[in-house]
Structures are given as C-alpha cells and as structure tokens.
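Enquirer: Which chain is which? The protein sequence lines are H and X, in order. Counting along the first sequence from 1, when you hit position 83 you're at 83 in UniProt numbering, and nothing is skipped either side. Counting along the second sequence from 1, when you hit position 46 you're at 46 in UniProt numbering, and nothing is skipped either side.
Read the hints as simulated data drawn from the structure, not as lab findings. If you're wondering where the values come from, they're calculated on a predicted model, not measured in any experiment. There may be inaccurate statements among the hints.
Copies of the same chain are indistinguishable here, so a pair counts whether it falls within one copy or spans any two.
Said to hold, decoys possible - The list that follows gives simulated cross-link-like pairs (lysine to any residue, SDA-like), each with its CA atoms no further than 20 Å apart:
id: 1; residue 1: 85; residue 2: 43
id: 2; residue 1: 85; residue 2: 11
id: 3; residue 1: 85; residue 2: 144
id: 4; residue 1: 54; residue 2: 26
id: 5; residue 1: 85; residue 2: 143
id: 6; residue 1: 85; residue 2: 8
id: 7; residue 1: 85; residue 2: 121
id: 8; residue 1: 125; residue 2: 172
Read off the chains here:
2 protein chains.
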Amino acid sequence: MPRTRGDHEARRRDVSAAVWQVMATRGFAGLTLRAVATELGATTGLLTHYFPTKRALVTYALDLLEQRTGSRPRRGTGEGLAALKDALLDILPLTPEATDGNRIWVSSWDTALSSPELSADYARKYARSRDGLRDRVAAAQELGELPPGDPARVAAGAQAFVLGLVVQALFDPAAFPPRRQVALLDDYLAALAAPRPSGGDHGTQGPS
Amino acid sequence: MPRTRGDHEARRRDVSAAVWQVMATRGFAGLTLRAVATELGATTGLLTHYFPTKRALVTYALDLLEQRTGSRPRRGTGEGLAALKDALLDILPLTPEATDGNRIWVSSWDTALSSPELSADYARKYARSRDGLRDRVAAAQELGELPPGDPARVAAGAQAFVLGLVVQALFDPAAFPPRRQVALLDDYLAALAAPRPSGGDHGTQGPS
Chain H
1 MPRTRGDHEA
11 RRRDVSAAVW
21 QVMATRGFAG
31 LTLRAVATEL
41 GATTGLLTHY
51 FPTKRALVTY
61 ALDLLEQRTG
71 SRPRRGTGEG
81 LAALKDALLD
91 ILPLTPEATD
101 GNRIWVSSWD
111 TALSSPELSA
121 DYARKYARSR
131 DGLRDRVAAA
141 QELGELPPGD
151 PARVAAGAQA
161 FVLGLVVQAL
171 FDPAAFPPRR
181 QVALLDDYLA
191 ALAAPRPSGG
201 DHGTQGPS
Chain X
1 MPRTRGDHEA
11 RRRDVSAAVW
21 QVMATRGFAG
31 LTLRAVATEL
41 GATTGLLTHY
51 FPTKRALVTY
61 ALDLLEQRTG
71 SRPRRGTGEG
81 LAALKDALLD
91 ILPLTPEATD
101 GNRIWVSSWD
111 TALSSPELSA
121 DYARKYARSR
131 DGLRDRVAAA
141 QELGELPPGD
151 PARVAAGAQA
161 FVLGLVVQAL
171 FDPAAFPPRR
181 QVALLDDYLA
191 ALAAPRPSGG
201 DHGTQGPS
C-alpha cells in the first residue's frame, strides 16, 4: 500500500508522544532507542529510521521540549503585577502536563551543562525568559504596583524563585502541591510589592 | 610488593578525585568507567575492581556527592538573619569548588528523578535542609529581624530562591558572577525583612 503524507504525519506524532513519555518517566538518562521503541510498541529497527544515532534522538528530544514549551497554553488575563504573576504561574508544575514538561526540563540540565554549545543555548533561553519578566516588572512599576528599582534585577530574582520552586515541587509533590506553590509565589510577590522602609539602595546598583 | 593500608587509602582518594572530576565536567550523563579510567590514567579493568557495574559507580558518585557536601566548609559567624544569610550563601556557587559541587548536584537530579527511591531520598535531604533554614528564620523572627509568620513557609521560599539562583548561575556564570548572586540574595532577604503593610495574612495559612 502506498504510504500517504497523513500516515507519515500520524507516525511522527506517535513517535513524538513516545519520546515525550519516555523522558517524562525516565528522564534524559533513560532516553534510549529501545525505551522509545517499547513505548511505541515498535522495533528498535523502525526507530533507527527516525533516529540513526543516540545523538539524533537527544537532539530531537530537546527540540520537542522547546516546541512543546513554546506552544503550551498560557494565562493572559492580567496586566501589571497580575501579568507578572501569570507568567510565573505558567512556569510552575501546577498540572500533570506542566509537571511532565518541567520534569523533562530539569532532566535536560545534565545534558545541557555538559555541552558548551547547549549550555550557551540554555543561557540564551533563560535570558530571553528574564527579558519577558523584566518587561512585566517594569509595567507593574509604572502602575505603582511594585516599588522602583532595576526591573532586570527584580526579574532575575523572580526567575530564580520559580525555578527553585519547580525543583522542590518535582522532588516533593506531597510537600508542594499546587496550592502550596501558589501560596509561596504569592508570598514572594507580596514581599516584592511591599515598600522598602529605607527606600534606599534596593535595585539601584544595577547588574554587578 | 605487599600493598599496605596506606596504598589502598591513597588509591581510593585518587579514584574519588577522578569520579568527582568526571562528574564536574561531564555530569552524571558522562559518568562512565571509561571516563573515570581516563581521568585516573588507569585501565578500565582496574576500575571494575572498584565498580563492578555502572550502578555501583553511580551509587558511589552519589555517596561521594553527599559526603563532600556534608564536609564542605561553612560560614558560621552570624546569628539571626545573618545566620540565615550564611546558610544560603553556603549553598550558592560562589567559588570554583562550590560551583563544581552544585553542577554535580544539578546533574544528579536527572538520575534522582527517574528513581522513586532516590527521589524520596532527595526529598528527605531537601526537607532536612529546609528544617535547618526554618530554625534560622525562627531565630531571626525572635530577634525581630524578620516579621512574624510561619517560619517553615519562609524557609521553603528561601530554599526555592537559592536553588533557582544556583541553576541560573551554572548556566550563565557571566550574567551571575558571585557579586551578582550575593546582591540578588541581599535583595531577597531585604524584601523578606520589610514589614508587611497589611500585617495581614502573610504566612498565617500554614502549609496548604
């Protein structure tokens, strides 16, 4: 039977789903052709058609991670401080899908840190993400919802906070259920929003 | 020549140093008998004497990480809020040694998350670390340096903040040199210490 473009696309979607599932349960350390083949109910031979090497599989997995992260649903209702909170909530593992995505991101750090190119690529991704947060911080400052100060510096702190919360929640979902994650984020934002008593040097040193 | 206990201990130290070096540069993903043998200038055959399986090598590496983390030098000069800051500074990658240790920790998350036993073990480790921070938060509250509120909740936030800052600094050391890390931590602690205008619900909900 002739294979149609539809067959091909459907098979690619199946392969992507299998790669995603293997990463979500076994991480990059467990990402092998054999594991993907088992997940797919296919032979390793078939998989080598898609991924001639382990490196090709890892590259595909990293692309898939970026693509799924980029196309995930996002909150977009608020402005100012609410918009900043939305962007930070979008990162946290508050749903099973977001938990899988985060687990795969955290798992990919080992691979990324051991390659200078990937490491630089990740640094750029996180810098872009901080730029987005910075713009939201600046907007909240203009609305008077956050005290003045270098918005890039506030954004760097906020990004650190949510990344660390992601890690905590992945290791200890019982101690960090969604409600607790949101409460901790609310604490963080409330502390950011509180006026500084000294009004002094917060955020005025710039990046150092 | 008979081999003495001293020889044996010296060789073990060499093996540990080689395992550590491989993890610091290649992560757990690159931790193989061959890589350790190359680092040690030994044969893979000799290494199998120490590590009959890959699993034995990984277990050894995880133990070594815990042992070196436990015995690393720590700041211990402050009390109250200064003691909290010391404990958080002790975590950050502010020196080459602390950077290696953190890089190996972050790298180990992939391995740890893919094993329920290791995952539970890591959750316990982080919970113990939070307990230590909680005691310091409570002491700072008693001294009036931090506003009242559930100290465990404040500790969870502080741990999230430093863990995320570790990740950022590892990926982008140029954007997060030691001085910048310390400045961001100072911002975080200043925001924690600022009195809440409402005096209201911060930290009063307890763990949720």
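Enquirer: Please sort residue 85 with residue 11 into within, between, both or neither, judging by C-alpha distance up to 20 Å.
Expert: Answer is neither; intra-copy 38 Å and inter-copy 53 Å both fail.
Enquirer: How would you label the pair residue 85, residue 143 (within, between, both, or neither) given a Cα cut-off of 20 Å?
Expert: Answer is within; shortest intra-copy Cα gap is 15 Å, inter-copy 32 Å.
Enquirer: Please work out whether the CA atoms of residue 85 and residue 144 approach to 20 Å or closer within one copy, between two copies, in both situations, or in neither?
Expert: The answer is within: 15 Å in one copy meets 20 Å, while 29 Å across copies does not.
Enquirer: Is it within a copy, between copies, both, or neither that the alpha carbon of residue 85 lies no farther than 20 Å from that of residue 8?
Expert: Neither, since 41 Å and 56 Å both go past 20 Å.
Enquirer: Quick one: residue 125 to residue 172, C-alpha cut-off 20 Å, is that within a copy, between copies, both, or neither?
Expert: between (26 Å within a copy, 11 Å between copies)
Enquirer: Can you give me the call for residue 54 and residue 26, within, between, both or neither, at a CA distance of at most 20 Å?
Expert: both (15 Å within a copy, 17 Å between copies)
Enquirer: Is it within, between, both, or neither for residue 85 and residue 121, if the alpha carbons may be no more than 20 Å apart?
Expert: Classified as neither; 26 Å inside a copy, 32 Å across copies.
Enquirer: I want to check one pair: residue 85 and residue 43. Are their C-alpha atoms no more than 20 Å apart within a copy, between two copies, both, or neither?
Expert: neither (45 Å within a copy, 54 Å between copies)
Hints 1, 2, 6, 7 from the list above are not met by this structure, while the remaining hints are.
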